[in-house]
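Participant: Take a look at the letters that make up each chain.
Number of protein chains: 2
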Amino acid sequence: MSRNCLVAQSGGPTVAINSSLAGVISQALKSESIDKIYGARNGIQGVLNDHLVVLNDIFAQEENIKALKNTPSMYLGSCRYKLTDYKKDSSDYDKICEILKKYDIGYFFYIGGNDSMDTVAKFSVNVEEKGLDVKVVGIPKTIDNDLYCIDHTPGFGSAAKYIAASVLEMAHDTYIYAIDTVLIVEIMGRNAGWLTAASSLARTSYSQAPHLIYLPEKAFDKTAFVAKVQELLAEKHHVIVAVSEGIKDADGTYISAQGGKVDKFGHVMLSGTGKVLESIVAEEIGCKVRSVELNVLQRAASHVASKTDIEESFFLGVNGVMLAMKGRSGVMSTLSRVSDEPYAVEYGEADIEKIANYEKKIPGEWINEEGTDVLPAMEKYLRPLIQGENEIEYQNGIPQYIFLE
Amino acid sequence: MSRNCLVAQSGGPTVAINSSLAGVISQALKSESIDKIYGARNGIQGVLNDHLVVLNDIFAQEENIKALKNTPSMYLGSCRYKLTDYKKDSSDYDKICEILKKYDIGYFFYIGGNDSMDTVAKFSVNVEEKGLDVKVVGIPKTIDNDLYCIDHTPGFGSAAKYIAASVLEMAHDTYIYAIDTVLIVEIMGRNAGWLTAASSLARTSYSQAPHLIYLPEKAFDKTAFVAKVQELLAEKHHVIVAVSEGIKDADGTYISAQGGKVDKFGHVMLSGTGKVLESIVAEEIGCKVRSVELNVLQRAASHVASKTDIEESFFLGVNGVMLAMKGRSGVMSTLSRVSDEPYAVEYGEADIEKIANYEKKIPGEWINEEGTDVLPAMEKYLRPLIQGENEIEYQNGIPQYIFLE
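Note that the protein sequences, when read in sequence, are chains A and B.
So in this note's numbering, spot 293 of the first sequence is number 289, and the numbers just go up one at a time.
So in this note's numbering, spot 145 of the second sequence is number 141, and the numbers just go up one at a time.
Watch out, some of these pointers could steer you wrong.
Chain copies aren't distinguished; within one or between two, either way the pair holds.
[As the list claims (entries may be wrong)] With a straight-line Cα cutoff of 30 Å, these simulated DSSO-like cross-link-like pairs (lysine-lysine) come out: (1) K214 - K126; (2) K284 - K78; (3) K91 - K232; (4) K232 - K62.
Source of the hints: derived by calculation from the structure; they are not laboratory data.
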């Protein structure tokens, strides 16, 4: 007897989260156990508001699957809604279960990051307790690469490729004047420095930019920073610094602490770390200095996505459906690396409870003692993730993406 | 009798200025009248400092010409040195002429923008007065598209393509949450709004972003801006605003000069037009708002260059050499559009005196009366310039460029 499935996307965008959605849809279309494929608009909120769309027809066309794989951000929309503890208030859970019954949902796929896996964890326990036959499977994504139980996260490789290409291009831009110049590049990452570490992939035989890399995993010392920049300027005219938005001083205070502004989850909102470092260089050294915040483009620039990342993200979606077909629930589709050279991964599953609400940070042994660079083990880990260029179709001179109106 | 040639690059970077250099070198290598091809390091400063490099050998290899075409910024380095009026102080001119004699330079190609064309203009008059047989030819470049006597400037089309693709990708990023959101995108352009106007090329059948476009050519009114954003938010959840860094109020004061203000936390507001508009929205409307400064990537992102732009820039370099071979001096290599559909250009020359030190602005009739958008004539003009994707070679997952150490 075939049932219907429901898929939703949540959290912040990446360029690969739609590829995972394409994988889910593609595999669900092939499955005889699945009839209708429902998508929830704006994550779990779409479920709560009974705002579902049927995806079968549009994605029966193979070219739409391909366009979806290559489209940035979330086709179904997103939300930042965190389910409350159902032992305290079960109203959201009850409402979701009603919707699942109404649409005869047998399989629920939730694509998201740490917070979304929290939703999956809570919900899978709740449906089991209620005795509902719904398999709940999480499919990971986050540019931050901070999930446990997975070698690296979908979306991260493309962001890393964008960052590496952009830092190299900005290095060419910086090197042209024969005067002392400092460029600060601010990269996303509140608590984990993976994306900033990926800037090291910009290095070539002719350019060692970024010359300094500052990560949230090591305390930032302003005096040491100024001394280091001065030392490098004495050797060469141009110093390029990659810095995580989330660097903190020895007391654990964000360098860009924003006067108590916090987001809905109580995370301190960061912006302006690059500007703070720019001011420090201007005031303490006085040379030409500029800061660039890579901002949302690092999570949205599908035009320079990593083919490896897009393909893996697709198969994590496919694998998620296969897990549900096997009757698995409360698990996350995952991948592990079986070889660095040649690079190879295998797909599997992980217990969601081990993933939700934890953040994987860079191992201390991959960062130099001074806290100004990453070590060779980091490149060995990162380099395979940015390999291959995704082929984007262009129309009228701009990338051709797909959009749900 | 063959002579040597000298080529230099000046001003700010673009992704196409090396393609023009490749065109000069490629054509010079073919010319029987040219023996050695010298490149000056860091523009006219390299000439003054006798810092020349011979380019024949490296670019005898066709793959290096191809890599040069695709490499951002200036292979030879740049300077921002403006020659003084030689009637007041001829020492720079005398020094340059010495170098030209020392290296038996018969042809001098200077690739640059407004200021560089000023150098070409002054210098071509000076060598003529001195009776030196040196043909001086300017080759245009600037992302700003603000030169006269040319349909559009080399480098502009690629910047326009980057801006259009990025605004579309950021629109996907912005549309995902079902809450009122404003995104401000700050684009380069102190006095001419061409680059900001190019954001209109991001529009597709499903996305009208940017919904508002503010250009330096029209006075910016804060009250009207707030009213317009509120009006659009009432219609739709998401408003994307493209703004030139150089917008001014009715008194002619730059909006960015209104930094130095203190926010409600007592922090001095960061300079930057986008940040100022972000603060206005936050304070007057209070919805979710973010600003993104495209910054140097819009002039350096070769990975998404316009093929049309790269090819035209190459032929402007080729054409520059051909002009010099015909004995022309004190002219700029130029192109004019002969047809919109099919798009076609022809190459020619322009008198440098008509170009140097002038800035071409957007015609008033291409901007709507409110000053919040561009009109259809603008798209007709712009669209052909971003056509075609330049094929970049990748190595180790990042673009493969060429660099002069």
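Participant: So, for every hint listed, does it hold in this structure?
Facilitator: Taking the hints in turn, this is what the structure says about them:
1. Taking identical chains as interchangeable, the C-alpha atoms of K214 and K126 are never at most 30 Å apart, the minima being 45 Å within one chain and 63 Å between chains.
2. In this assembly of identical chains, K284 and K78 lie within 30 Å of each other by CA distance solely across copies; the values are 19 Å between and 45 Å within a copy.
3. Taking CA atoms no more than 30 Å apart as the test, K91 paired with K232 passes between copies only; the shortest distance there is 28 Å, against 63 Å inside one copy.
4. Taking the shortest Cα distances, K232 and K62 sit within 30 Å of each other only across copies (29 Å), while inside one copy they are farther apart (46 Å).
When held up to the earlier numbered hints, the structure conflicts with hint 1 and nothing else.
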